[in-house]
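> Chain by chain, the residues run as shown.
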Amino acid sequence: MSDARNDILGAVKAALKQAGGAGKADTTTVVSASQRLGDPRANLIPARGRLGAKARVDLFIREAEQASATVARVSSLSGVPREVARFLAKNNLPMTLKVAPGIAEPAIPWTRETLLSVDEGRADGSESASVSRAFAGIAETGTLVMLSGSDNPTTLNFLPPTHVVVISASEITGDYEESWSQLREKGQEGRFMPRAVNWITGPSRTADIEQTLLMGAHGPQRLHIVIVDEETPAP
Amino acid sequence: MESTTAAFRENTSKALSDAKLRDALSNLTDGFPARRREAIARLPEFDALRDAARDIKDHVLANLDFYLEAFEARVVEAGGTVHWCRTAAEARTAILRTCKTAGAKTVTKGKSMIGEEIAINEHLEEHGIEPVETDLGEYIIQLRHEPPSHIIAPAIHLSKEQVADTFRDKHRHLSPGRSLDEPRALLDEARGELRRKFIGADVGLTGANMLIAETGSIVLVTNEGNADLTYSLPRVHIVIASLEKIVPTLEDATTILRVLARSATGQEMSVYTTFCTGPKRQDDLDGPDEFHVVLLDNGRTGMLGGEFHEMLRCIRCGACLNHCPVYKAIGGHAYGWVYSGPMGAVLIPGLIGLEEAGHLPNASTLCGKCEDVCPVRIPLPRMLRTWRRRQFERRQTSYPSRAGLRAWSLIARRPWLYRLGADIAVAALAALGRARGRFRWLPLAGGWTQLRDLPAPEEGGTFISRYHLGEHGDGA
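So the protein lines, in turn, are chains V and B. Just so you know, we're using the numbering used here here: the first sequence kicks off at 1 and counts up by one. Just so you know, we're using the numbering used here here: the second sequence kicks off at 1001 and counts up by one.
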């Protein structure tokens, strides 16, 4: 296959050289291309998300609800179990949860809510509801940013029909670019991308049959976001 | 995929007489453009973002070799493998080999236009591997053995009754008495069937909306979440993508994502946007053990730097289809191959040859709406004209139309001859048409007068002669 690699790269170089009256493939643009990779810069960012902290959280809530998510606010992490139990009861759902290891006991005191039956780990398709932790929320479109990892398995985002996401109000940023910068800062030796970064904007849906919009195509039918207002360090 | 593009005229006649198809298409084309307008009205920066998206793609194409090598290096660093493939056949071989090495019996699939382009499903089936489409629309058309009729809404041509009939025919293990009257029942049935496939699959095969050179990530955009179950459950994830899907950085991908969903469905952002980087990490609880990227050329390098260079900016949103008067009338299948609408009419001749696809660049009124709505500002009408010019130069058009165009060019380039001819024609038509005021038939205009009458011109000369006589009013 290395023949194919050489052929393709050769064909690309030849085509660009031939077209390159403006020096398209010359060294100056390659330098600027490598600078672009070495020092990634934001392009135009819409003004919509550039708001103070309170307005930013309000915009996040509005946009998430616009995308058919539901949102609740609690004053501290210890209030999360009660809110989750309330949400499940209100929707007449079983009181069983699969929780991301990063927010299992003792990070969140689930056992205080005695009605809940809580298990931690990845999802296998048998669960009725899951709870995971967001890395960031994007006010611009009400989008959650989820990172995969041992503390936050990806399958929890997609397999159970009900997905609850916990996020701290201080983790809600105006735009996506800010969350990329935060992720880069978190990384070590230039390696910062987890196996999967999932942007989630509302519950799963399809309009493939006669353009009729239906929730819960393959992923969750319900997405409930619990915003924690007190300052809590990310797990 | 086998093309029926050469039979475009027959395909079109069939489509135009299909009442169900016409209903389905009116649903589609009323919905998407209206929602797109609403989304754009909410974002004052939309046009500036289109410029930025165009500039990103132009920059990548001008440095494509650099970015491809950078992408490959990052994929390898993350523990993945890149398979370079010149042709559809090489890509099929690479995918089949990877599936066989994994001992795969079932492959779940996310929707991929490149997968359609290389006909990977047929190839896997021939070698005893079951491919399962998981996007609801793709699943339905796979059961019916049909190609997609729209880039982002592949089963848009079907009614819910047709889907119900297909499910009854193919899901024989379910109770024949079940109700499938509502779309919800159809979705629930497909969801149940596909859940079992997801859990049991050995390999997950997806396309990619973008490839990111900075990180070696691949980007997947869906509303259903099917692509996410496709890559996170099986042991092996194979990504199939063409060369031009590459973008430099996460920020560049973000800019393009801001125009993609708004142009496609009018959503602010699609429900699931996923950035996959390499296989499962050491302490991850889920994810694939292997991560393969099949990087396909299949004619792209041939377009690079040429007259169709800008077509490589396309991000496959489908906006040009939704706004095209020709697509709205005939749907996607009439185009006879994987792609359709204005982007298909430009891309298909480039990929399968102008001899086979010569009708497509002519199936356009050149109204320009496609270019108006394109999020990366591809000059589609200009490219359609370029194909037409090439057909003319290669003598691929019919003798009468070539002779007609020659005669027209002879006259149109000589104003005195044009005026003389117009004067005679208008005077003759006015005299002949005086009695009825209209013509039911005219020589050489049978195609036009077959469906409508031509009004006879008033006496008093041509527009130009009247204009010279000062019949243009004040300031008009």
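Derived from the structure by calculation, the hints contain no laboratory data. Warning: the hint list may mix true and false statements.
As a list, the in silico DMTMM-like pairs of lysine to aspartate or glutamate whose alpha-carbon atoms are at most 25 Å apart [as the list claims (entries may be wrong)]:
no.: 1; chain 1: B; residue 1: 1020; chain 2: B; residue 2: 1202
no.: 2; chain 1: B; residue 1: 1197; chain 2: V; residue 2: 127
no.: 3; chain 1: V; residue 1: 13; chain 2: B; residue 2: 1090
Per the computed footprint, the stretches of chain V lying under chain B, defined by three or more beta-carbons under 8 Å from a beta-carbon of chain B, are [as the list claims (entries may be wrong)]:
no.: 4; region: 104 to 117
no.: 5; region: 145 to 159
no.: 6; region: 216 to 229
Derived, one-sided and incomplete: chain V residues facing chain B with beta-carbon distance under 8 Å [what the hints assert, rightly or not]:
no.: 7; residue: 5
no.: 8; residue: 11
no.: 9; residue: 15
no.: 10; residue: 85
no.: 11; residue: 89
no.: 12; residue: 91
no.: 13; residue: 93
no.: 14; residue: 94
no.: 15; residue: 95
no.: 16; residue: 128
no.: 17; residue: 209
no.: 18; residue: 210
Keep in mind the model is a prediction, meaning the values are calculated, not measured. The beta-carbon is built from N, C-alpha and C at its ideal position, and this holds for glycine as well.
> Each hint should be assessed against the structure and marked as holding or not.
Hints and how they fare:
1. With a C-alpha separation of about 38 Å, the suggested pair residue 1020 of chain B and residue 1202 of chain B falls outside the 25 Å cut-off, and the hint is violated.
2. Proposed proximity of residue 1197 of chain B and residue 127 of chain V is supported: the alpha carbons are some 17 Å apart, at most 25 Å.
3. About 21 Å separates the Cα atoms of residue 13 of chain V and residue 1090 of chain B, which keeps this hinted pair within 25 Å; it holds.
4. Check result for the region 104 to 117 of chain V against chain B: violated, 0 residues qualifying (beta carbon to beta carbon below 8 Å, three or more required).
5. Residues of the region 145 to 159 of chain V lying with their CB closer than 8 Å to a CB of chain B number 9, which satisfies the three-residue condition for coverage.
6. Three residues within the 8 Å Cβ limit are the bar, and the region 216 to 229 of chain V against chain B gives 5, so the coverage statement holds.
7. Interface hint status for residue 5 of chain V: upheld, as the beta-carbon distance to the closest one in chain B is roughly 4 Å, under 8 Å.
8. Because the beta carbon of residue 11 of chain V sits about 4 Å from the nearest beta carbon in chain B, less than 8 Å, this interface hint is met.
9. The beta carbon of residue 15 of chain V is positioned within 8 Å of a beta carbon in chain B (closest approach about 4 Å), and the interface hint is therefore held.
10. The closest approach between the C-beta of residue 85 of chain V and any C-beta of chain B is roughly 25 Å, which is over the 8 Å cut-off, so the hint fails.
11. At about 24 Å, the closest approach between the beta carbon of residue 89 of chain V and any beta carbon in chain B exceeds 8 Å, and the interface hint on this residue is violated.
12. The criterion of a C-beta within 8 Å of any C-beta in chain B is not met by residue 91 of chain V, whose closest approach is roughly 17 Å, and the hint is violated.
13. For residue 93 of chain V, the shortest C-beta to C-beta distance to chain B is roughly 17 Å, which exceeds 8 Å, and the interface hint is violated.
14. For residue 94 of chain V, the interface hint is violated, since its Cβ never comes within 8 Å of a Cβ in chain B; the closest pair sits about 18 Å apart.
15. Against a cut-off of 8 Å between C-beta atoms, the interface hint on residue 95 of chain V is violated, since the closest Cβ of chain B lies about 23 Å away.
16. About 14 Å separates the beta-carbon of residue 128 of chain V from the nearest beta-carbon of chain B, more than 8 Å, and the hint is not met.
17. Given the 8 Å rule on beta carbons, the hint for residue 209 of chain V holds: about 4 Å separates it from the nearest Cβ of chain B.
18. This hint holds: residue 210 of chain V has a C-beta 5 Å from the nearest C-beta of chain B, less than the 8 Å allowed.
Hint violations for this structure: numbers 1, 4, 10, 11, 12, 13, 14, 15 and 16, all remaining hints satisfied.
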